[in-house]
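Trainee: One-letter residues, chain by chain:
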Amino acid sequence: MLYTVDIVTENRPGVLYRIAGLLTKRKINIERINAYAVKGKGISKIFFTADVEKKVMETLAKQIYKVIEVADIKYHEVSH
Amino acid sequence: MKMSGSEILIKSLLKERVEVIFGYPGGANMPIYDALYDYGKQIRHILVRHEQGAAHAAEGYARITGKPGVCLVTSGPGATNLVTGVADAMMDSVPMVAITGQVAAEYLGSDAFQETDVMGITTPITKWNCQVTHADEIVETVAKAFYIASHGRPGPVVIDITKNAQFEEADFFYKKVVVKKLAFTNHFDDDEVRKAADLINRSKRPILLVGHGVLISGAEKEIDELTRKGEIPAAATLHGLSVMSWSNPWFVGLTGMHGKYAPNVLTNEADLVISAGMRFDDRVVGKMSEYAPLAKVIHVDVDASEHNKNIKADLPIVGDIKTFLKDLLPHINTGHRRSWREQFRILDKKEQTAEKKRLKKHRDDITMDEAIKTLSEKTNGQSIIVADVGQNQMFSARYYDFKKPNSFITSGGLGTMGFALPAAIGTAVGNPKRQTYVVVGDGGIQMTIQELGTIMQENLPIKILLLNNEFLGMVRQWQELFFDKRYSFTNMTGPNYVDLAKAYGIKAKKISKKINLRTAISEFVESKESYLLEIKVAKEGNIFPMVPTGVAVDKVRLE
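Line order of the protein sequences matches chains H and Y.
In terms of the working numbering, the first sequence is residues 1 to 80.
In terms of the working numbering, the second sequence is residues 1 to 559.
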């Protein structure tokens with residue numbers, strides 16, 4: 001299932017790497033990714049699209065949310 | 001008042017009430033060691049013989065005290081040597097603050113001497129990590145590190161401090177940090193508590209699974225009350241051992257791959273599984289799609305990401321197990337489940353028959369069961385057992401009769417051979433009032449055997465029970481059962497362990513005959529100083545019951 005994941009996080013070195021690692025360890029490939037710092041707010045927004053098994057997505061989202069810097073995460077299926 | 005980053009670090013550790021550091025000096029942490037030189041009376045430093053030992057010792061210390069274990073190593077190989085222990089702490093939810101020295105910030109990325117990407121290497125195996133390149137960042141980082149390591153689900157954090165930050169000067173004002181996300185652990189309401197009580201009260205065949213979370217939360221009494229009041233049979237995971245003792249008639253023993261026959265079989269007949277602070281590891285559930293097919297599942301865990309990860313929860317509860325049980329207990333009706341408990345006893349008898357048959361095969365040789373049972377008797381089940389990994393670990397789990405909570409320390413998730421000897425240094429330092437026993441095989445002891453030097457230097461009264469079968473026993477058992485007895489590279493020639501221990505000034509003895517077992521263990525237990533007792537055990541002893549990998553728990557094998 002193709003999902004788009006939207007993340008709001010504290011802007012700090014290593015956060016994207018930590019999130020990417022959670023995908024890598026499950027051999028999930030990122031189809032599309034975009035990230036930017038929100039000016040003056042100390043936060044970043046990260047959006048990525050990836051093919052994730054449905055039963056894995058809930059756990060993956062919760063694991064990403066466990067990253068200390070992550071403030072919010074939402075995900076939804078992408079319709080083809 | 002300005003002071004060096006190194007002194008700021010030491011003062012920050014003192015503010016976090018750190019009493020012990022397990023460490024090893026090197027080029028990139030020398031300024032920190034120089035600052036430590038002046039604080040010898042306030043902080044005890046234990047010089048290990050290899051950085052992996054520092055990490056495992058910190059784990060042992062953390063497990064026995066409940067406080068984060070602290071280790072301090074240098075950059076490059078110092079940090080990479082630490083990695084196994086950090087990964088181990090991550091898997092077993094052990095609070096740890098690991099401090100690594102790093103090359104000066106101006107050299108980062110230049111492939112400088114002893115430079116390695118510590119952030120890169122430790123990110124997947126830490127709860128949090130942070131690189132510090134300026135002295136004025138140290139206080140906040142340390143405060144945050146200790147908070148994160150010990151709140152919510154505990155885990156390891158790494159602080160990587162560049163050498164320039166250690167030399168640089170800054171002001172010191174310590175301020176504790178609260179990480180909001182981890183400040184509130186209980187995310188359940190009264191409605192969920194009542195739903196859980198309702199499921200339990202209506203269940204005819206419930207089974208409670210007690211995990212490490214119960215010890216972390218200190219909920220042993222609540223578990224005891226729940227089982228007795230509700231008449232609920234309770235099994236323990238490897239890390240949940242020692243929460244309950246056999247004095248509670250509702251305790252049914254270890255479950256999982258080498259757990260007892262009854263809880264494995266009857267999990268698949270249960271109509272309710274209540275999971276308390278455990279994560280349905282594959283070693284507990286066997287074939288996941290055939291696990292507890294008749295049961296509803298109540299899963300209580302402080303970490304929401306564990307719910308529905310391996311086993312689907314009908315009622316997931318996010319929160320601290322002790323708080324939850326305190327809320328739950330008033331709603332629990334007095335249970336009437338003796339006949340359900342009786343079914344476990346019937347299966348226990350079947351297991352005992354198989355066990356007797358197995359022991360008959362080894363009439364003259366000492367078996368691991370007998371060695372552990374004798375140790376258990378002679379120590380009256382009161383000691384701290386630090387088991388390594390493999391058959392020695394499973395026999396310790398099965399045959400030591402734990403009578404006090406938080407008494408079984410072992411590497412569960414990562415299964416790190418070589419864990420026991422250094423971890424025991426941590427438990428002995430963390431709780432000198434209780435006796436620490438290491439149970440280890442001839443494979444595992446040789447992976448971290450240099451830590452005998454640490455035991456010698458610190459004069460720690462650690463007892464080491466070496467179960468020597470001249471094999472990598474667990475792998476050999478699998479080769480026997482699943483690879484047609486093709487013992488591919490599992491036989492191991494060892495050194496003269498008695499001479500080796502003596503070279504480190506540690507008393508030692510070796511026995512191989514059954515008639516000498518009881519006297520030898522008595523002498524071993526009664527010794528006031530460190531002692532290594534090598535027992536030559538049956539070469540091809542096996543641990544049963546066994547749930548082979550990927551097989552349903554009720555297909556557990558007795559032989």
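Quick caveat, the hints were computed from the structure, so don't treat them as lab data.
Just so it is clear, CB atoms sit at the ideal spot from N, CA and C, and this is done for glycine as well.
A couple of the hints might just be wrong.
[What the hints assert, rightly or not] Calculated lysine-lysine pairs in the PhoX-like style (CA-CA distance at most 20 Å, straight line):
id : chain 1 : residue 1 : chain 2 : residue 2
1  : Y       : K403      : Y       : K433
2  : Y       : K433      : Y       : K404
3  : H       : K41       : Y       : K181
4  : Y       : K181      : H       : K45
5  : Y       : K195      : Y       : K296
6  : Y       : K180      : H       : K66
7  : Y       : K513      : Y       : K378
8  : H       : K62       : Y       : K312
9  : H       : K66       : Y       : K536
10 : Y       : K536      : H       : K41
11 : Y       : K361      : Y       : K539
12 : Y       : K528      : H       : K62
13 : Y       : K287      : H       : K62
14 : Y       : K555      : H       : K55
15 : Y       : K514      : Y       : K485
16 : Y       : K287      : Y       : K513
17 : Y       : K144      : H       : K66
18 : H       : K54       : Y       : K312
19 : H       : K55       : Y       : K357
20 : Y       : K378      : Y       : K357
21 : Y       : K404      : Y       : K322
22 : H       : K55       : Y       : K513
23 : H       : K74       : Y       : K181
[As the list claims (entries may be wrong)] Simulated restraints on C-beta separations:
id : chain 1 : residue 1 : chain 2 : residue 2 : range
24 : Y       : G109      : H       : K41       : 24 to 34 Å
25 : H       : L16       : Y       : K15       : 40 to 50 Å
26 : H       : G42       : Y       : T334      : 54 to 64 Å
27 : Y       : G109      : H       : K45       : 19 to 29 Å
28 : Y       : F173      : H       : A35       : 32 to 42 Å
29 : Y       : T493      : H       : F47       : 18 to 28 Å
30 : Y       : D136      : H       : Y65       : 44 to 54 Å
31 : Y       : K204      : H       : Y65       : 29 to 39 Å
32 : H       : N11       : Y       : E169      : 39 to 49 Å
33 : H       : K54       : Y       : H336      : 48 to 58 Å
34 : H       : Y65       : Y       : W246      : 35 to 45 Å
35 : Y       : V551      : H       : N11       : 27 to 37 Å
Trainee: Are the Cα positions of Y:K287 and Y:K513 separated by 20 Å at most?
Mentor: violated, 40 Å
Trainee: Kindly confirm whether 54 to 64 Å is satisfied by the beta carbon distance between H:G42 and Y:T334.
Mentor: holds, 55 Å
Trainee: For the pair supplied as a hint, Y:K555 and H:K55, is the alpha-carbon distance within the 20 Å limit?
Mentor: Not satisfied, since the Cα-Cα distance of roughly 26 Å exceeds 20 Å.
Trainee: For the pair we were handed, Y:K361 and Y:K539, check the Cα-Cα distance against 20 Å.
Mentor: holds, 12 Å
Trainee: Keeping to a limit of 20 Å between CA atoms, is the pair of Y:K404 and Y:K322 held or broken?
Mentor: Holds, at about 18 Å.
Trainee: Does the beta carbon distance between Y:F173 and H:A35 stay inside 32 to 42 Å, or does it fall outside?
Mentor: About 34 Å separates the Cβ atoms of Y:F173 and H:A35, which means 32 to 42 Å holds.
Trainee: Would you check the hint for H:K74 and Y:K181, treating anything up to 20 Å between C-alpha atoms as holding?
Mentor: It holds: about 17 Å lies between the C-alpha atoms, which stays within 20 Å.
Trainee: Do Y:D136 and H:Y65 keep their Cβ atoms within the hinted range of 44 to 54 Å?
Mentor: violated, 30 Å
Trainee: Need the status of pair H:K62, Y:K312: alpha-carbon distance at most 20 Å?
Mentor: holds, 15 Å
Trainee: Falls inside 40 to 50 Å, the C-beta gap from H:L16 to Y:K15?
Mentor: The hinted range 40 to 50 Å is violated for H:L16 and Y:K15, with Cβ atoms some 32 Å apart.
Trainee: Starting from H:K55, check that the Cα of Y:K357 is at most 20 Å away, please.
Mentor: violated, 45 Å
Trainee: Given the hint of 19 to 29 Å, check if Y:G109 and H:K45 actually sit that far apart at their C-beta atoms.
Mentor: Since the Cβ atoms of Y:G109 and H:K45 sit about 27 Å apart, the hinted range of 19 to 29 Å holds.
Of the hints listed earlier, those the structure fails to meet are numbers 9, 10, 12, 13, 14, 15, 16, 19, 20, 22, 25, 29, 30, 32, 33 and 35, in rising order.
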